[in-house]
Every structure is written in C-alpha cells, then in structure tokens.
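Chemist: Turn these sequences into a full structure, and let the hints guide you.
Going line by line, the protein sequences match chains A and B. Letter by letter, the first sequence follows residues 1234 to 1551 in the working numbering. Letter by letter, the second sequence follows residues 128 to 944 in the working numbering.
Just so you know, not all the hints are guaranteed correct.
Simulated coverage check for chain A against chain B, where a stretch passes if three residues somewhere in it have a Cβ under 8 angstroms from a Cβ of chain B [unchecked claim]: (1) 1285-1297; (2) 1309-1321; (3) 1333-1341; (4) 1399-1406; (5) 1493-1505.
To be clear, the hints were calculated from the coordinates, so they are not data collected in a lab. Computed from a predicted model, the values in this text were never measured in an experiment. Glycine included, every Cβ here is placed at the ideal spot set by N, Cα and C.
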Amino acid sequence: MTDMATEIAPGADGTKGGSLDPARSFQGLILTLQKFWAGQGCVILQPYDLEVGAGTFHPATALRALGPRPWRAAYVQASRRPKDGRYGENPNRLQHYYQFQVIVKPSPPDLQALYLASLDAIGIDLRLHDVRFVEDDWESPTLGAWGLGWECWCDGMEVSQFTYFQQVAGVECAPVAGELTYGLERLAMYVQGVESIYDLNFNGRDGAEKITYGDVFKQAEEEYSRHNFEAANVDMLFQHFKDAEAECRALLAQGDKGARHLMVLPAYDQCLKCSHIFNLLDARGVISVTERQSYILRVRELSKACGAAWLKTEAGGA
Amino acid sequence: MPDLLLELFSEEIPARMQAQAAEDLKGLVVEGLRERGLAYEGAASFATPRRLALHVAGLPARQPDSREEKKGPRVGAPEAAVQGFLKSAGLASLDQARIEKDLKKGEFYVAVIERQGRETLDVLAELLPAVIRRFPWPKSMRWGAASARTDSLRWVRPLHGLLATFGPETEETEVVPFSIDGLEASNFTFGHRFMSPSKIKVRRFDDYVPALEKAKVVLDPARRRDIILYDARDLALAQGLELVEDEALLHEVAGLVEWPVALIGEFDAAFLDIPPEVIRATIRANQKCFVLKDPSTGSLANKFVLVANIEARDGGAAIAGGNARVVRARLSDAKFFWETDLKIRLEDRLPKLDQVVFHEKLGTQGERVRRLVLLAGDLAHHVGADPALAARAALLAKADLSSEMVGEFPELQGLMGRYYALAQSEAPAVAEAIGDHYKPQGPNDRIPCEPVSACVALADKLDTLVGFWAIDEKPTGSKDPFALRRAALGAIAIILENKLRLPLRAILESALAHQVATSEAAPTFVLRRLWEEEATDDAELAALAQGGRWAWEFAFEPGKGILAALRRYLEARFSGEAEPRAGDGARYDDLQALLKPYERLHEKSLARHGVTEPEIATELEADFAGERQVFLASRGELIDQLLSFFADRLKVFLRERGERHDLIDAVFALPGQDDILLIARRVEALGNFLDSEEGKNLLVGYRRAANILRAEEKKAGADEATSYREDHAPDALVEPAEIVLAEALAPAAGEAKACVAREDFEGAMGALARLRAPVDAFFDKVTVNAPDPVLRLNRLRLLNELRRAVHEVADFSKIAG
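Modeler: Shown next as structure tokens:
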C-alpha cells in the first residue's frame, strides 16, 4: 500500500480533478450526494441489510412515509432484480445495482430546486445541459403504493425518478412525502463519460491503482445470473415464501396490542423476504402469468397489514 | 373595458394533459362569468409545461343590477310551504312579499328580489378559487405541509403561483384578492427555469406575453410547435435531408419545453440495418426525437432532430452529444432485440402465446390463434384465398407478440411479424398477411387487398367482435375501450373494397362456435360449452367442481352449500392456507365477480319456487333447464345484435365516404340480409332510383298505399286485416285504372324478384319504375274506400300487392323524409 497521507492531499475531498471528484469516481458521486443531502438535514442511513427490489422498500421509506411525523433521510440501497441479470454481458443492465434514495416528509416547496442543486453538486452544469421533468407516474403493486411525478432527463437520459407519494401500503399519505431516486450507475456513466457500467471508475485512481465497477461486480453478475436463472432451488423457495408469509402474519398478530403494535419492523422484514423470493421464483420462470398476479396480491396484503400496524407505533405517529 | 389575466404556475404538467387543461380552464371560468351575468368580448387560454394561462378580454367593471320575481305559495298555504318560500327568497317575513291574484290559482305571494350588481373583482375573487379547487385533472395529487389534511388542494403537480390581475387596458391593474391553501394571488410570475428564473411583475396580458418571451418562455403552444417544425425542417435541409413529420410527437415535444431549441444529433450508420420502423419507434418513443430521411432514396438517415429546452452556452454541443449517446444505447438494445428475435422461428414462439392473456374473459392469445386458424379456414373460399396459406398466416399472425421487439414497442406488432416471416422464408403472401392483419386501423389506413391478407385481417376482426359481444363488453355511448366500432368498420372496408360475398350470419355463428370450442381457460366459454353439450357427464362436472370451478352453475346439484364450500375453498387457497396449486390462485377476484350473477340466478329460482334455503326441491332442476333454454336462445340473439351493429357501422362507413347511408334500414329490414356487399349495392341502386322522377313518384304512391292500408288495418279486426293480405279477385276489378295496375303488378313484382335473385338491383328498380304510371293513374281515378265492400276489399288487396312488390326491393316504409 502507498502512503495514504500523501495521496489525500490533492483534491481527495471531492474538489475538481481529485480522486473523489464525482465526475471521476463512483464513490465520489455517492459521497457528494450524501454530503449534499446531509446538508439538507437528512439522516444519512446505510443500506438496509435485506435483499430489496428498490430503495423504496427500505423501511426508512416504505414505512416512514406513513404517519404524520416529519422525516428526512438519504441512503444508498442495493437494488436486486433477479430477472434483469445478463451474465455480465449487457453494458447497461444488472441484476444488482445501486440507487441513491432521498425521502423528505412533508415534501418541501423547493424540492425540485434542491434536486437540481444536487445535480449541480455532482458537476452537471445546468446552463450547459438540458434537464427535463417528463411525466412518469409511479406505482408499486407489491407495496400497495402510488405517486405522481416524473422521470428526470439529462440530455435525453433518464437519471432519476421524482415522486410525490400519494398512497403507501394502501394508506393515504398525510402529509405527502417527496421521494428522489438517483440511478447511480447511469448518472456515473454520464458524468464519467463511459459507455459500459463495468468501465466506471470506482475509486477515482488511475493506472494500476484504478479499480473499476467491473473489477468489483462483474464476477458477481455472472454468478448471480446463473443462480437466478438456473440454480436457485425452486422447491425451497416456494417453502420459504410460505414460511415468510406465515411468519409475517404471526408476528403481526402477536405484536398487535389493540391501540398499539409492538412488532412491525420484524414483520415487515418477512414481507420483504416474500417479495424477493417471489422475484427469484419469477426469474426461474416457474410462476405462470395467472399465478403472478396472485403472488403480487399476497405480498401486497402483507405490506398493507404492516402499513396499518406501523400507524399504531410511535414512529408511525400513534 | 377591463381584462382578466390568470396564470397558474406549477411544477411540470404532463405534456398530454396541457391542451385539455387549457380548454377546461377557459371553459370553467367563462361559464362561471356567464352564470354570474358577466359578458366578455373574448377569451383565450394557453399552456406550457409550467403554467396554464387565461386571458378574458372586455369584462364590465361590475355586474348589472338584477331584479327577479319569485312566485310563492298561495295565501293561506301551510306554514312549511311559507317558510320554505321565505328562505329561498331571502325574506324575513311575509310582509316583504306582494300578493297577486290569478283567475285559476287565486291569491298567492310574490317576492321581488333585487340584487345590486357586485364589483367584477369581487366576483372573480369568489369564482377563481372555486374553479381551481374543482379543476378536472385526469389525475391529481396533494403535496407539502398542507397535505397533512387529506382534503387539501389537489392539482396535477404542486402549484406554486397564482397570478391574477384585473383592470383596464391602459392604467394599473388590481390583483384579484383570493388565496388557496395559503397561496396568495399576486401580480408576478417567473421566467424560464434555467435561463431566466427571476420574478417578473405583470400588469396585463399585453405585457405578460412579451415579458415571458424576454424571460425565454413562449406561451402559445401553437407557436412553440411552429418554431420546432420550421427549425427542424431547416436543420434537416441544411444536411440535405428531409424531416419525417410526426404530428403527435410534435404536440408532445411542444408540451415538454418552454423555449424550444432544435438540435441535430447523429448515430452510427451501421444501425441502419435495423428496420426503419424500429429506428423510428426507438427514437420517437424513448427519446422523443424526430427522424430524418434522404429525399432522394426515401430511406432513413443516421441523423435525428432533438428539441432542447435551453440555449446552452456551448451552442448545444453537450446536449446533442448526450442525446446521441442515449440514442446509440437505445439502438444497440433494438439491434440486440432484432438479432435475438431472428434466432427464434415464429412457430416456436407459439407456446408462449398460451401465457399471454388476451382478455381475462376471452382467454389467452394462444387460444385466439387457434380460433383465427379455424375462422380463416372458414373464410378462405369466400375471400378466394389459398386455404393453406391463410391458415399458415393465421397461425403465425400473433407470434410476434412474444418477440423482444414487440414487447418493447407494442405499436410494431404485425409489422415485426412480417419482417420475421420474410426472414424465415415464409411465402410472401403469408408475410404480408401477418403484417396487414391489424389493418385498417382507421379511415385513412390501407385496406388489405391480397386475398390471404384480407382473409386473416377479416378473421381477426370478426373473432374480436364475436368474443367481446359474447362476454357483453359492447361499446356504449362514447366508450369503446376495445375499439369494436373500429373493428367493424375495418371488416366492412375489407368486404366492400375487395367486393367479397360473405354470408355474415353463418360466419359469425361459426366464430362463436370456435370461441366455445377452443376455450380452455376462459370461464365464460368453458361454462357455455359444458352447458351446451347434452352429453356432459357427471364425472366431468364433478371434476370441474373439485377444480374450483363454478359447479353451482349446473342443474345436477343446485345448492347453496356447494357455493359456500367453494368460496371457503377459494379463500383458503388465496390466503395461502391450503396448498397452492398451479394455475388456480390467481383468479380470485374473477371468481368472486363470477359468483355474484349466478348467486342471483340461483336465488331467483329459489324465490320463484317459494323454497327456503335448506330445502331444495327437485323441481328446481326443471327450472334450471328453463334457464338453460334462455341461455341458448341468447346465442341467436347475440348474432342478431351483432348484425344490426354492422348495419349501424355500415351507415357510418357510407356517410364517411359521402354516400347515401339513410337507406340502409330500408334494405336491412328485409329478411335474411347479412351480405354487406349486397346491402351496399342495393342501397346504391335504391339511392339512384329514388333520385329519379320515377323513384320519387313511386315512393309517394307507395306511401299513400301504405298509409291507407295502415289506417284501415288499424280500424279493422285482426281477421279482416289478415284478409287484406290475400290476392285480389280479378273479376272484382271494375275501373280501367285498377285493371291496368292489377295487370302491371304481377309482372313487375315477378321481374323485380327475379332481378333481385340475380343481384341485378338496377333491373329490379327498373321493374318497379314501370309501376309509377299505373300507380299514379290508380290514385287519380279510383276511390279505394268504395261504398261497395267487395270493391273496397279488392282495392285494399291491390294496394297490399303493391306494397309487397315494392318490398321485394326494399322496405320503403323505412325510408326517412
């Protein structure tokens, strides 16, 4: 290892041209966004330690969006979409990628301006680029959630999703939370000017010290693609789905003390597990079109029950 | 006269909603003004992505005073009536009302309500927030701190500014004083989000538009469209290319920018190997860019026009470069789809169609294909198509639905199938039929004319129509979600354009039979099949019950018990308590919905027999058998309804072509009319005939005869009226004019009939034309209602024969005017 102290000196704090410049490194991009939203009073959380299909599923969003209490959080979340695996061969599509998620409740009047300022912070000059808000309403059938908003375009590329949650877990949001989801890899590809996710500079170093996104994740993409499409044990997954579903209901029943609920978060974990197992089964191609809907509804029932229980907790405003 | 300027400034409004929203804003405000007695000289509304604006010119400064007289109850009416009157008229007591006298009613109260006109500014302060609160957005939302209450203001996206000024054309204007959810009306707005974001003070519309323009906002969407179109054309021209114009895209793009800046981008020419429709769909759908073509060859160029919302410092180089990168990535995907799709033969895609739901009550695309093959087989010889090619095309017609490309761009269905068919060396007629089988999609679309194409296109439409009719999803009013009107118009266009002789009733009947026979999953048809087949045995029905399927339908065990058991069973299955089994859990809601009507049917039967729940009488079986008869009869009715739907569509079709459509009823009313081509030809001949002197006069004569007959039939008893329908007696003819008519009738009727049989409608009209003179002479010289009852009856019979002769050609009673 080289002496880190000498390396830190030029621009390692994220200044232009340094190794943490968001235009030079993937991690620099993440750190810049974290710093930006920390400056807006968000708690900077770490990724949730369960497999989820999107940052929205993190309880910091899915549950905290409910109830009257103000909330501001930002975090990186790995998004697992087993069906999107391409064995590391497609430069744009991965079964595991990162989202940077921001949730602010109630939505502040200047959320669009804050979002644009965050783009500026990662080096997108708003007088040089064409940033647009293009209609894209969001709906998550498994979460029982929907909202109105846009996909945010930068020079014709979708770089973020911007949503005002109207309903989550089947409950009307009061007040409404604003949610931002940055597609980190896409954004990084844009600011770094590379054509393949795998070519992203991860650590911002050059030459022998450079570590790319491919160095970190290509092998994982290959292995997980095999697992998701070919190897995952279907019988076991069906069983796990049933178990998690039953456990979720059991925990919800046990924690329910009338006006109060004492075990929502553990129950919600089981709901997340169901959701991911369903995605795996779907990738394995063992769920028919007709069954698909029923599985989605089963997960939705769980998340609705968790949402209702959440409103009976302290953080849920009870 | 003062003007109103209103601007509602918000976050980005979806492009597709802007035009309607501008219309609605204008409509609601001017309607509100009119209701409040405020006339105006003109109103115009505009939309950009961030604002809706309305200008109402020439309003009075205040409402006119009004005086209204309100009639009340009679003097001495009950107290409740009096109180109601006082309240509605705003009076404190009856002393304030006048008493009036009326010859019929006697004495009653009248209140005179005089209202002083209010200041228009105050009226607006009341009207505008009401309009904003009940604005009819197709989708709206709540936001911000106010959304802690679920009844907070809803808007399409967060609303940030209310600009509302009112005042004379030259002096200072006033802000209309109102606020909504803490948002105060003001006299300022903002410019372009990036180029001129600062506050702009506005007095009136005349300085609003130029101030916006200076702040890089073009208010009028029509002007933005013009700018885009002309700049795009110029850019193309400068490259020696031509813009591929696209009206819908132009509207959308104009709704995405406040300050349009057209730029040119480029992609690798190697992508031009992909079919041009795919390139266009990719660039259009994903990037909302226009494609360009080479005017000398007509083929696509590797350049495109994008429309940015900003004048960038570098002249747009970074923006064009960024867009080109995205287009490149998208085209790489498209190329990948194209190449991947080409590796799988269309027939190998068919099993996948069993997984694609066409409509939940009509089963899968796989079942649909099986029906299309059968129906194309039925149609082939009517259309003059090679049956083997028609069956092949029908088999492959939907295969592209499972291709990557159509998954990505549904609008390319059919077209991609054609490309893939050509690539796997299908007969050209088969490939064309696959490509054209959704056509025509509208009055300006191409009509398939090759026999195989016409055959499959027709099969697709007729199958759709019969299917949706069978599940009772007919178009109503303005609602036609499955485009059934378009399907019928398309079928008519194919039939007429190709001059096809088609026994439509028989074809529709066999289409319905194919639905019933091929359906494996769709409950409606499974039920129908089992109900219709006498030979359905108990074992099959029992299996159906155990499979969770609608056993209470059948007479063999009409019990509520089985219904309840089934519901318990479904609920257990759904909640995951029981073992999940392949393919049964998903239709929970469908099943619940299905339960309802049959539950009602069952209850109806029970009630009719006065049977309470537990005791189930065996006679119920007979009752159910009766219901079954009704059910089967409805099948014939269904085809009748569908045929008259076709008659209606034929009217629309002929009207759109500027031909006579008002005569269709006259032809369609004749028995056995189901041949669209013959109906259309007969209508044409009839139209020409009625345009002639002979035709006009004969119609007059016919009407006279028919009116006399109708009047006499009404007066007479049933027996006597029936006797009018018998043949006349030649020896009871006395007047020369009636003898002439009688002698002319039989040959004319015979000839008309013979001509109709030969489908010579001109000839049939000619035969009728020869009746004109005798008919005119008859009415001129002969008294029908002769005093002698024998003569009278004979003459009525003669008139009836005239009516019958005319009806050989058309039911003249159905001709309007």
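Chemist: Work down the list of hints and note, for each, if the structure agrees.
Modeler: Hint-by-hint comparison with the structure:
1. Check on the region 1285-1297 of chain A: 0 of its residues sit with their Cβ under 8 angstroms from a Cβ of chain B, so the three-residue criterion for coverage is violated.
2. By the rule of at least three residues with a Cβ nearer than 8 angstroms to a Cβ of chain B, the coverage given for the region 1309-1321 of chain A is violated, with 0 such residues.
3. Against chain B, the region 1333-1341 of chain A contributes 3 residues with a C-beta closer than 8 angstroms to a partner C-beta. That satisfies the three-residue criterion, and the hint holds.
4. For the region 1399-1406 of chain A, the assignment as covered by chain B holds, since 3 residues bring a beta-carbon within under 8 angstroms of that chain's beta-carbons and 3 suffice.
5. Counting residues of the region 1493-1505 of chain A whose C-beta lies closer than 8 angstroms to any C-beta of chain B gives 0; at least three are required, and the coverage claim is violated.
Consistency with the previously given hints fails for numbers 1, 2 and 5, ordered from lowest to highest.
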